[in-house]
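Visitor: On the provided structure of chain Z, position chain H as indicated by the hints.
Protein chains in written order, with the working numbering: chain Z, 12 to 273; chain H, 23 to 187.
There could be a bad hint or two in this list.
[What the hints assert, rightly or not] If the Cβ cut is set under 7 Å, some of the chain H residues that face chain Z in the computed set are: (1) 38; (2) 87; (3) 150; (4) 157.
[To be verified] The following residues of chain H were derived to be distant from chain Z, with all beta-carbon distances above 10 Å: (5) 67; (6) 72; (7) 140.
Treat the hints as calculated values from the structure; they're not laboratory data. It should be emphasised that the depicted structure is a prediction, and the values quoted were computed from it without experimental measurement. By construction, the Cβ of each residue, glycine as well, lies at the ideal position given by its N, Cα and C atoms.
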Amino acid sequence: MSETGQPVGESELQAWADGRLPAGRRADVEAWLTARPEEAERVSAYRGLNEQLRARFGAVLDEPVPEQLRRFATRGARWRRAAAVAGWLAIGVAVGGAAGWELHARRAPAAIAMVKPEALVLARRAALAHATYAPEVRHPVEVGADQEQHLVAWLSKRLGGEVRAPKLETEGMSLVGGRLLPGDPGPVAQFMYQNAQGRRATLYVRTEGPDQRETAFRYAREGNVRVFYWIDRKFGYALSSADMEREELLRLANLVYRQLNP
Amino acid sequence: MSDGPSLVALIPRLRRYARALVGDRAAADDLVQDTLERAWAKLHLFRQGTDLRAWLFTVMHNVHVNQVRAARPTDALEDEMPELAQRAVQGDALLVRDLERALAALPAAQREVLLLVALEDLSYEETANVLGIPIGTVMSRLARAREKLRVLMTGKGGTKLQVVK
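Pulled out of the complex, with its shape left as it was, chain Z reads as follows:
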């Protein structure tokens, strides 16, 4: 075989499979391949894979674009943003958590309208804060439960309202402590709880604007963090855990609610 020029590298074989070799080099590479049937078979298979990929997924181009995506591709009106926040969350939404019926927010667009975007942001931020601090071994909290009075007074002062750390011992969870987090518009409090097995849950508390209505429990899931969240009077609450199943977390959320509304 007439092999001339530079040796053929793997990148060139890949380029051959993609039909992207410069014309001047193609003959060299093909001569090289002719002398090596196994390599020729291999890179031919690569070329075949390209065709299979295009054949398999090409039909997607001809599918009608779902109306929801079309709306997202045009500049958003307010309700669109609301839907977008729901999209961001990639979550299921439970209304009336105790009843336990669920809708997948994105597969059931009707569900989006029922959820205020601000509340979904609450769930997402809470989940992020949980994911950040719950795995901490040495510094899970800023102020420990041994200084609970100071902790609660401090957080109340910064949030501008009386914040309380509910007592969850009847569900086996004891207070580890808490911290102050940046939030929008104002600071946010996070209380951390832990049971004897080291499983953790965090309660995220933020001040809500005066126009926020109270809500039922809602359920969200962000990655592996489950969240029950609700708005009650001037505070928004979100109870998050990556260690607890939904039902268990719901029981805990109910206890939190009862503790805060004796």
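Guide: Relative to the frame of chain Z, chain H by itself:
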């Protein structure tokens, strides 16, 4: 703004790539939706005169890395959702399934490179830009992705690859 219509026109391309990237149809459209939303938020970062499609792939890549690729155990809810019918465009349904299964078995970083090059026909350089990696990495991931796919499809499933002469 004139960006609306051009974004709309690119949706089918985004959907195709997303479908191949994440497999599941609903999850793919979720990814497209997140990408569009993110694109609006980041539109000020898009440089006029550059390729909007490549930029959207970049946005999608980032969204995918941040969200989909994060460890996410399957929610029980997901299992209960009925599977949407997948339209087989090739006669050989087994081959189609094998291709998708083999794709899913690739590491996401390799799958992205392969799909951007082979399915979306981006140049190696564009692919490197979209993913924020050196072009040498594009080539090595491409080589590894293809070889793994070839082995998976010819070896395990016993389905002979269609060799294009």
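Visitor: Does each hint hold? Answer for all of them.
Guide: Cross-check of the supplied hints:
With 7 Å as the threshold, the beta carbon of residue 38 of chain H comes within range of chain Z, its nearest partner Cβ sitting at about 4 Å, so the hint holds. The criterion of a C-beta within 7 Å of any C-beta in chain Z is not met by residue 87 of chain H, whose closest approach is roughly 13 Å, and the hint is violated. For the restraint placing residue 150 of chain H at the interface with chain Z, the shortest Cβ-Cβ distance is roughly 13 Å, beyond the 7 Å limit, so the hint is violated. Residue-level restraint check for residue 157 of chain H is violated (minimum Cβ-Cβ distance to chain Z is 9 Å; threshold 7 Å).
Consistency note on residue 67 of chain H: stated as away from chain Z, and its beta-carbon is indeed over 10 Å from all of that chain's, at 16 Å minimum. Separation of residue 72 of chain H from chain Z is adequate, the least Cβ-Cβ distance of about 19 Å exceeding the 10 Å criterion. Distance to chain Z contradicts residue 140 of chain H as a non-interface residue, since its nearest Cβ pair spans about 4 Å, not more than 10 Å.
Checked against the numbered hints above, the structure breaks hints 2, 3, 4 and 7 and satisfies the rest.
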